[in-house]
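Number of protein chains: 2
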Amino acid sequence: MSTNGLVVAIVGATGAVGEEMRAVLAERRFPVSRLVPLASERSAGQTVEWRGEDCLVQVLNEDSFHEVDIALFSAGGSISEKFAPIAADCGCYVVDNSSAFRMMPEIPLVVPEVNPGALEQESMIIANPNCSTIQEVVALQPLHAVAGLKRVVASTYQSASGAGRNGMDELRDQTIDLLNFREPKNNTFSRRLAFDTIPQIDVFQDDGFTKEEHKMMFETRKIMELPDLPVCATCVRVPVFLGHAMSINAEFERPISVEDAMSALENAPGVILHRDPADFPVAADAQGADDVHIGRLRVDPSAPNALTFWVVADNLRKGAATNAVQIAELLKAAGHLDG
Amino acid sequence: MSTNGLVVAIVGATGAVGEEMRAVLAERRFPVSRLVPLASERSAGQTVEWRGEDCLVQVLNEDSFHEVDIALFSAGGSISEKFAPIAADCGCYVVDNSSAFRMMPEIPLVVPEVNPGALEQESMIIANPNCSTIQEVVALQPLHAVAGLKRVVASTYQSASGAGRNGMDELRDQTIDLLNFREPKNNTFSRRLAFDTIPQIDVFQDDGFTKEEHKMMFETRKIMELPDLPVCATCVRVPVFLGHAMSINAEFERPISVEDAMSALENAPGVILHRDPADFPVAADAQGADDVHIGRLRVDPSAPNALTFWVVADNLRKGAATNAVQIAELLKAAGHLDG
Chain A
1246 MSTNGLVVAI VGATGAVGEE MRAVLAERRF PVSRLVPLAS ERSAGQTVEW
1296 RGEDCLVQVL NEDSFHEVDI ALFSAGGSIS EKFAPIAADC GCYVVDNSSA
1346 FRMMPEIPLV VPEVNPGALE QESMIIANPN CSTIQEVVAL QPLHAVAGLK
1396 RVVASTYQSA SGAGRNGMDE LRDQTIDLLN FREPKNNTFS RRLAFDTIPQ
1446 IDVFQDDGFT KEEHKMMFET RKIMELPDLP VCATCVRVPV FLGHAMSINA
1496 EFERPISVED AMSALENAPG VILHRDPADF PVAADAQGAD DVHIGRLRVD
1546 PSAPNALTFW VVADNLRKGA ATNAVQIAEL LKAAGHLDG
Chain B
1246 MSTNGLVVAI VGATGAVGEE MRAVLAERRF PVSRLVPLAS ERSAGQTVEW
1296 RGEDCLVQVL NEDSFHEVDI ALFSAGGSIS EKFAPIAADC GCYVVDNSSA
1346 FRMMPEIPLV VPEVNPGALE QESMIIANPN CSTIQEVVAL QPLHAVAGLK
1396 RVVASTYQSA SGAGRNGMDE LRDQTIDLLN FREPKNNTFS RRLAFDTIPQ
1446 IDVFQDDGFT KEEHKMMFET RKIMELPDLP VCATCVRVPV FLGHAMSINA
1496 EFERPISVED AMSALENAPG VILHRDPADF PVAADAQGAD DVHIGRLRVD
1546 PSAPNALTFW VVADNLRKGA ATNAVQIAEL LKAAGHLDG
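Line by line, the protein sequences are chains A and B. Residue 1246 is where the first sequence starts when you use the working numbering, and the numbers rise one by one after that. Residue 1246 is where the second sequence starts when you use the working numbering, and the numbers rise one by one after that.
Hint data in this document are derived by calculation from the structure and do not stem from the laboratory. Just so you know, even glycine gets a beta-carbon here, dropped at the ideal spot from N, CA and C. Any given hint could turn out to be false.
[To be verified] Covered stretches of chain B (chain A as the covering partner; in silico rule of three or more C-beta atoms under 8 Å from a C-beta of chain A):
(1) 1482-1493
(2) 1520-1531
(3) 1536-1545
[Stated by the list, open to error] Label pairs and their in silico Cβ distance ranges:
(4) A:Ala-1271 with B:Glu-1498: 53 to 59 Å
(5) A:Met-1507 with B:Glu-1498: 31 to 37 Å
(6) A:Ala-1289 with B:Leu-1424: 50 to 56 Å
(7) B:Asp-1422 with A:Glu-1498: 28 to 34 Å
(8) A:Gln-1291 with B:Asp-1451: 51 to 57 Å
So that you can see chain A by itself, here it is in the shape it has in the complex (with noise of 0.2 Å):
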């Protein structure tokens, strides 16, 4: 770190999540001497904008790393897997969003919400969480504090955005398609997507679930350090630009009133809760911020100690981007960035 601040890599900096970072590591002001955007031979000589001025992409290679103190990846698994550890090598800590060291006992998977001690494990890399995942364990980590968390089942309402930009194109063009009684075409998504629903987000497993579906079951296991707790999700995208809504049944080991759950959602960080059932926050509500929104909280009828309610949050902000920065601020409040 020089008196300066850090210098700080953007691995995807042309992605719909690279910029959200760029966007979050300024308004927060993380103490950035210099950004390099990196990005792949496709985006060569694009500009991204950084403090109001133009900052030139260059191409993401080995030698990227070498002045660098932090880089957060959202350039896809393939790239995290062949670039990470050579970043970590060079000494510069790696937040990745891509799914590839989430589940590595030895890579800490945060939530700063949630465990931010899980940070204390050293490690070079850092694994940001799923998008879903990690609305789905702020809501979840202060009603476990109240009552023991014992099965969670999820269905989620998942937009474009989470396939970044090519998915929010394809939305837009197939409903424009649709609109003029035009065939819509379908590349990103495995069914068209406008005016209609997709039970399938991410490739088919052995046992019938996707492996975003996996990704929700076994992140909250790991984030929640719950190693054994029970959750079954069903991953839907929806046609919404952006933002990820959820629906999810929760069973307690103890009881818990809709009034000590509110409390404790009321209290917890980065928890917008929602009150009255007739103002349930919708994705419209989340977009551009970094709040998780809580509404719709009820009484599940249906087993003991249960509690039904709905989730929403901004998928790039603080389903990707903000809760990288958030655990770089946390890297650097915990004296790692110090150099």
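Since the structure of chain A is already known, use the hints to place chain B on it.
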């Protein structure tokens, strides 16, 4: 009944469900000697198509049912409350698509694939269940027969057409407004539906559930004749024009394998099973037909003897019009309409 067939009235003939009722009566060759399309003053003078000819819509009044053998109602609860008893007093059978009579003990609430025997309870008024409930119980009944249903958790993805033509028009208008940088208006839905999801269908109840969610919870128990069955529903409107989907987690009393569940569903009436996970059904697959599509069936590992799956159907057809006509067919087969 004349020798040429039955006089059939449709109350709400100009609505979205009324239109499907005409189509389904014709497709299924229900023996109609004369169709009597009834609607409010607002639709006076309109015509609807019946067997290739224009048929003048009549204004609904207390004298509308004197020559009618059976009336299919889909004009909202207050119209049903007022006119269904009047029709019944005239000796006209009523199949009512509103929620007005569904939970009355003396009124049969019927899904022909599930509880045709409920029609043995003599009643001139038969209630047609809630759209989401119908497709849910068609999927659950074959599994219940194998393993004994113990608990159901459902989260729905319901289309704009559940709110009738106004709902579909509002989704279209809002979508066009947004794509043209105009501020969208909302009247039918409580929030903007275009490119967002709304976790509210019908009005809120004291316990924090919506009335739509109560319908799913209470009607499921009545139809399946399981008065104590624990059910929890979260009903969500999604920006889809036609076709409701739902994610169901079901727990059973006894073990049930995926193969046993699939066999039961493949042999069940009204069901199309999608065995391959990647061949999941979407709303586009269900539109315009009468089948309940089930896919993504897999073990729910978060509870003993549990399964989770995805159910899609055309809410205006099997969720409303088709189920009503099927009830009329059962009444006819039982000799009730031979007058």
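task = Check each numbered hint against the structure and report the violated ones by number, ascending.
result = 6, 7
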